[in-house]
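Novice: Chain by chain, the residues run as shown.
Number of protein chains: 2
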Amino acid sequence: MNILLTNDDGIFSEGIRALYESLSRIGKVIIVAPDSERSAVGHAITLSDPLRVKKINRGGKFFGYATTGTPADCVKLAIRAILKKRPDIVVSGINLGPNVGYSVLYSGTVSGATEGAILGIPSFAISLATFTNPNYSFAAEFAKKLAKQILKHKNLPKGTLLNVNIPAVEKKRIKGVRIVKQSGQAIEERFDKREDPRKRIYYWLTGEIIKSDGRDEADIETVRKNYISITPIHCDMTDYDFMDKLKLWKF
Amino acid sequence: MNILLTNDDGIFSEGIRALYESLSRIGKVIIVAPDSERSAVGHAITLSDPLRVKKINRGGKFFGYATTGTPADCVKLAIRAILKKRPDIVVSGINLGPNVGYSVLYSGTVSGATEGAILGIPSFAISLATFTNPNYSFAAEFAKKLAKQILKHKNLPKGTLLNVNIPAVEKKRIKGVRIVKQSGQAIEERFDKREDPRKRIYYWLTGEIIKSDGRDEADIETVRKNYISITPIHCDMTDYDFMDKLKLWKF
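Going down the list, the protein sequences come from chains A and B. Just so you know, my numbering puts 46 at position 46 of the first sequence, and the rest follows in order with no gaps. Just so you know, my numbering puts 1143 at position 143 of the second sequence, and the rest follows in order with no gaps.
Just chain A, same shape as in the assembly (with noise of 0.2 Å):
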């Protein structure tokens, strides 16, 4: 099995480390990562500027490809222009922090697998729901779980990734695995309004706390209650339900 790897946090991160290691126990793992970190990039790609790609070796076995790139170039690279052979599987992560609710539309991570899918490649983005003291074991462990189903069912549909979310505790406080949606909780966010020492004003982004009412059977609080979550996110946007209605306007 040939296993694409990328991630957000860069090719010098611990998230790709952990998964390099669990992985090449199933496979031949190749690397395509970004040189350095380029987290909330969404599905961004590189047109004005030319990649550059480095042959970086981490120690051990783990080499790898350091692109000047985003994911989604990355994978773009990996599949058009390096690989010689077109890998079974993409996997991007494990990403430092969760994915869930409208982030995924944010995420590096994300973008990653929805670049292998878009080439028809099954894929899957994993993240671990903690910014701090990540313990990456139980998440890389479960990586190669999934990318033998992955590749056992075959019935990942054209255009459509796993988006998967560790909770970060210990693996016996984990309660077990479920599919579910998106969530469509409300952002909580606000910019901090500063001056800096030539009295220029400037904002920083802050506050990316997600809200939940703990209710919604989604991501975000299935994640919380330290379930893993699984959702199938297609790269087809359209909102069919919508269409039919839009189709009574007067233009």
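Hints are supplied without guarantee of correctness; some may be wrong.
Claimed, not checked - Stretch-level coverage of chain A by chain B, calculated; a stretch enters the list once three of its residues show a Cβ under 8 Å from a Cβ in chain B:
{"no.": "1", "segment": "37–49"}
{"no.": "2", "segment": "103–109"}
{"no.": "3", "segment": "150–162"}
{"no.": "4", "segment": "173–186"}
What the hints contain is simulated information worked out from the structure, not anything from laboratory work. Fair warning: this is a prediction, and the values are worked out from it, not measured in the lab. Heads up, the beta-carbon is just placed ideally off N, CA and C, and yes, glycines get one too.
Fit chain B to the known structure of chain A by using the hints.
Specialist: The following block gives chain B in isolation, referenced to the frame of chain A:
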């Protein structure tokens, strides 16, 4: 009517000026847009850098705020920090070049409207299907008509925006308006591998011609046949159809 206007070609582009002039006839237009081009930024937001805002006057009544952020940042900043009053509608465009098929996922223009929808404001993105010699006048007129329809019907679902693509032909050759899905056609692309003067390799993404088999009733074909395409896009990317099958997997 308060109209918030953004784009991804930047505040100095011709597309946003055309839109400003047309929409000014039906409401008060406030412009918050990137200070330069931000194409293919996907739904990126800026977390690790501060954002700066500068007042711009392009002559006449054209007055706006240029930011160092992406289109999604612009809409967030406008609503959370700059504007005193919540806008009634968010309009993003007019983009130079179509945003159809999987390009919707890469598009900065669409992401400006997506951010509006996430924040609960009726929103649309509008693009002109040419990369050269644009004539924005018909698209700008159409945007005005569409804004009125949105505010008249008031039935855009929460989290749903409209993605509009205008054929780049004379007004009399436009055949009408069609409500269609986002195309799932593959994107033709490749990387040009080049060597810089210092003998180092770099890659350019190129060849983004979108294939079409001509049968698909979706945005790509619709615009190619000289119809205006309108696709309702929603921010919930869950693939509900696949959820039941996924529940049968063993974890």
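Novice: Please flag the earlier hints that this structure goes against, numbers listed from lowest up.
Specialist: none
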